[in-house]
Amino acid sequence: MARPRLRISDRVGDRLLLSATGLASAIAVLLLVLIAWQVFKGSGTAFHKFGFGFLTGTTWKPNFNQYGAGTLLFGTFVTGVFALFLAAPIGIAIGLYLSLMAPPRVRAIIGPVVEMLAAIPSVIIGFWGILVLAPFLVKHAEPQLHSTVGFIPLFGLPQTNGASMFAAGLILTIMVIPIVASISRDLFDTVPRELQEGASALGATRWEMIRGVMLPTTASGLAATSFLGLGRALGEAIAVTQVIGAGTKINTSLYETGDTLASRLANQFQNATDQLQTSSLFYLGALLLIIGLGSNLLAQWIGRRFAVQKAHA
Amino acid sequence: MTILDPEFDPIMEPSRPAAPARSAGERYRIQTVDRPARTASHGQPTPTTPVVRESVFKVEQLAISYGSKTAVQGVTMGIDRNRITAIIGPSGCGKTTFLRSLNRMHDGIPGLRVDGHIYYHGHDLYGSGVDRVEVRRRIGMVFQKPNPFPKSIYDNVAWAPRNLGLRSGLDDRVEKALRGAALWDEVKDRLKDSALGLSGGQQQRLCIARAIAIEPDVLLLDEPASALDPIATASIEELVRTLKAKFTIVIVTHNMQQAARLADRTAFFGLDNERIGTLIEYDETDKIFTNPADTRTEDYVTGRFV
Amino acid sequence: MTTMTSDLAHGEGLPPELDPARPLVASGNLRRRHVVSTFFSSLAVLATAFAVAVMVIVLWTVVSRGGSVISWDFLTKAPPLFGCAGGGIGRAIAGTGLIVAIATAIAMPLGILIALYTSEFASPRARSFIRLVLDLLNGLPSIVIGIFAFGLLVAGHHQSAFAGSFALSIIMLPLIARASQESLAQVPNGLREAANALGVGRRQSVLGVILPSAMSGILTGTILAVARAAGETAPLLIVSSIYKGSYSFDFFGSAIPNIPVEIFRLSESADPAGYERAWGAALVLVIFILATSVLGRMLFARSKAKASR
Ligand SMILES: Nc1ncnc2c1ncn2[C@@H]1O[C@H](COP(=O)(O)OP(=O)(O)OP(=O)(O)O)[C@@H](O)[C@H]1O
Ligand SMILES: [Mg+2]
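So the sequences go chain by chain: A, B and C. Here the first sequence is numbered in the numbering used here, starting from 1 and rising by one per residue. Here the second sequence is numbered in the numbering used here, starting from 1001 and rising by one per residue. Here the third sequence is numbered in the numbering used here, starting from 2001 and rising by one per residue.
FYI, nobody ran anything at the bench for these hints, they're computed from the structure. Be aware that one or more of the hints could be misleading.
Label-pair distances were calculated between CB atoms; the ranges are [to be verified]:
| id | chain 1 | residue 1 | chain 2 | residue 2 | range |
| --- | --- | --- | --- | --- | --- |
| 1 | C | Ala2291 | A | Ala108 | 13 to 21 Å |
| 2 | C | Arg2022 | B | Asp1172 | 23 to 31 Å |
| 3 | C | Leu2075 | A | Leu215 | 34 to 42 Å |
| 4 | A | Pro153 | B | Leu1112 | 50 to 58 Å |
| 5 | A | Ser19 | C | Ala2185 | 21 to 29 Å |
| 6 | A | Ala141 | C | Phe2251 | 52 to 60 Å |
It should be emphasised that the depicted structure is a prediction, and the values quoted were computed from it without experimental measurement. Glycine included, C-beta positions come from ideal geometry on N, C-alpha and C.
Okay, chain A solo, but in the shape it has when bound (with noise of 0.2 Å):
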């Protein structure tokens, strides 16, 4: 299309702004360049000392200079995968609620409501998980849950305060759940109307609907969204702080106290003493950038994967 000519004044104006929106976008990149570099930089020490033995170590003894991430590895893994283990079918069921089962007055109530869930400070999840539902659990849950299934070990004798694994992959859930029921909700309204249509035409019952037309569909979508809660999980750190309990020890059971990568992080970094240990948490750091990078690449992937092939096919 050719512009109408531009007075000099318009001109400047024009390129004044396309160079401060550049900048702009330039920051934003070098600032991901940057939080990586600063991130990897700080950790150069404990690098230089550990290597990767720091991955598997499983001592931390500050008093002794010596630091490892194995059994932080570990709890953010065990915490993390029962998050989502229990956070992705959960979540997923309140977006399948949502989309197609609630009345539309009931979902406008319900879908804000879940959505705030999300918008609660974790420091407020965490302190109401220490103070209500770990002694519950305790009381409650853990010896109810250690008599009838304590043969698999996961289950062992529930520890007295509360502080545990269990309680910290807890509220993880309930801090996913919310992020991944409001996703799946939007991804279910994207399937086509006629899709749904086309299967109840076909005397199918709901359920039949859900399994073969509105499940396929949104598959990867469901998948992206399960990584972009893992990655939540296993980044949150005040929360978990404020349940795990600060263990030092790899246990089965999930009623023991663990620690994780970000928990630690949060918990020892204003008392660090020394150059080594605010490097190892550094290290400890980059563990978690990369993780969090890495569980967004792989959501990314599948979910653009899953956009060519529908745009190909």
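Fit chains B and C with the ligands to the supplied structure of chain A, relying on the hints for placement.
Same frame as chain A, now just chains B and C with the ligands:
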């Protein structure tokens, strides 16, 4: 000339064993005299004696509204078994709305109201205790826009039979349905490919195959050829004609030639004074297209209507 | 042709044993299928009830325990001397307000500029690249952003409220930028073309026509980002958590009190009186966050209603 006499009580035995008591009233008599053009082109013997037709649907004073907006009202008509009934009329006169009420496709649309009665083989379609999954299993529907599932061609057809537990001989059933929909030869070598890779006309025939795979009693077709080119349209028309032997077919179409070519009976829907859709005339197709009783019908079929 | 077990070849629509005239109640395996369907539907209802119940229980706990603590004194007074009763979170409220305000002042213009770049100027590839960068920023654990701010601004110096604002602005940036992008994408192309056809510069059409018509969506995004930032604890714990009782805020020179860190510290100390104050602070924070989210939603609903007209 056709005479439609709803009061007529058949003395002759209908072709099928009598349905429960209520269906007796839903038979009516059609005297067909005067159909030379059609009988010549389709080779049907001209019935010299009155024919008793069993009706599948009996619609009485049907009115459907979306919230406060009434889409159709005052529709009373019967739909014959194993015949093709066409529904024509200007855009927005409620053809789709009416068609969807025949298999309760409207259920679950907020604010939608259906008043009046629809009897299906004598059973109140909207009566209490009616199972709408069962309704749709017996009354299949093919939509205006092809809507294949994002699955393989095979699975598109096999999905509903599997749900219904018709697992034995599934391959044969799929093949039969695809043959029935005149699609088999085109897809037999790529049954495992995604159905989304088919052309629009193939997709629509796949949707028909999908619908007939569970052997419904009635097929509702909402402008099945509206998005298709003439060749695909012709093959769908051919298909519909062959399906008539097995199914009762109701087809909505914008294309009057199509209605004239395909349908045994044609219903003309229009807008009344309040711009609400209503049934204006319903008769044998020849009558509607050659000698309609209502001037509005005549205007429409001769193209004077805008 | 093969022999068919199915009966499509049969002259009638339904298999002979299925009389179409039978009543419209579940036939064949349909009754069992309904049971399965109802079972799974109930699970979905149950899952939703669970989430709502958690929300209600958490809120109820905060309200019932925090409600008795809140008073004018609590909202305005400084914290008590060690071991004494009374006192409030006045300074923490002011501190959070200041930190979040500065963070917004950094993130909002930057976020809008980024959104303008991607929606008005960028090539498709640049657009999707920047979008990816924003998503990655958004996916970073907030504690990582905290140690980044620490390494950049605090290491070798001292904690500062500014470092806190800086960290929070990084958390807010992708939220604001993405919301603005979406809002700008809603602006009808006709408006753009009309503005271009006037022969005015791109700057005038963007700043004078396109940006204003996307403004309510941008504001919504900003408000929701503020709600998110106000409760962020991890970064502040790392860069603005060691503060004293002094009343003067030295924004660049020292850490200042703020609600999330206050709640965290009190929750970690095993002091029942401290718990009381923590519940009170939690209630204040929850009220602020829920109020802003509701406000954001209302704005969003209004702008959407306007757009659809
Ligand atoms: N979901 C709906 N909500 C509200 N009104 C509707 C809805 N669907 C249809 N209508 C209205 O009902 C009337 C009839 O619509 P319908 O789709 O049945 O017409 P149609 O005869 O099938 O038109 P066309 O030939 O264009 O397909 C129209 O005025 C339409 O605006
Ligand atoms: Mg229509």
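Evaluated hints:
1. C:Ala2291 / A:Ala108: 13 to 21 Å: 19 Å, holds
2. C:Arg2022 / B:Asp1172: 23 to 31 Å: For aspartate 1172 of chain B against arginine 2022 of chain C, whose Cβ atoms are near 26 Å apart, the range 23 to 31 Å holds.
3. C:Leu2075 / A:Leu215: 34 to 42 Å: Given a distance of about 49 Å, which is not inside 34 to 42 Å, the answer is violated.
4. A:Pro153 / B:Leu1112: 50 to 58 Å: 55 Å, holds
5. A:Ser19 / C:Ala2185: 21 to 29 Å: 23 Å, holds
6. A:Ala141 / C:Phe2251: 52 to 60 Å: Violated - the Cβ-Cβ distance for alanine 141 of chain A and phenylalanine 2251 of chain C, about 46 Å, lies outside 52 to 60 Å.
Checked against the numbered hints above, the structure breaks hints 3 and 6 and satisfies the rest.
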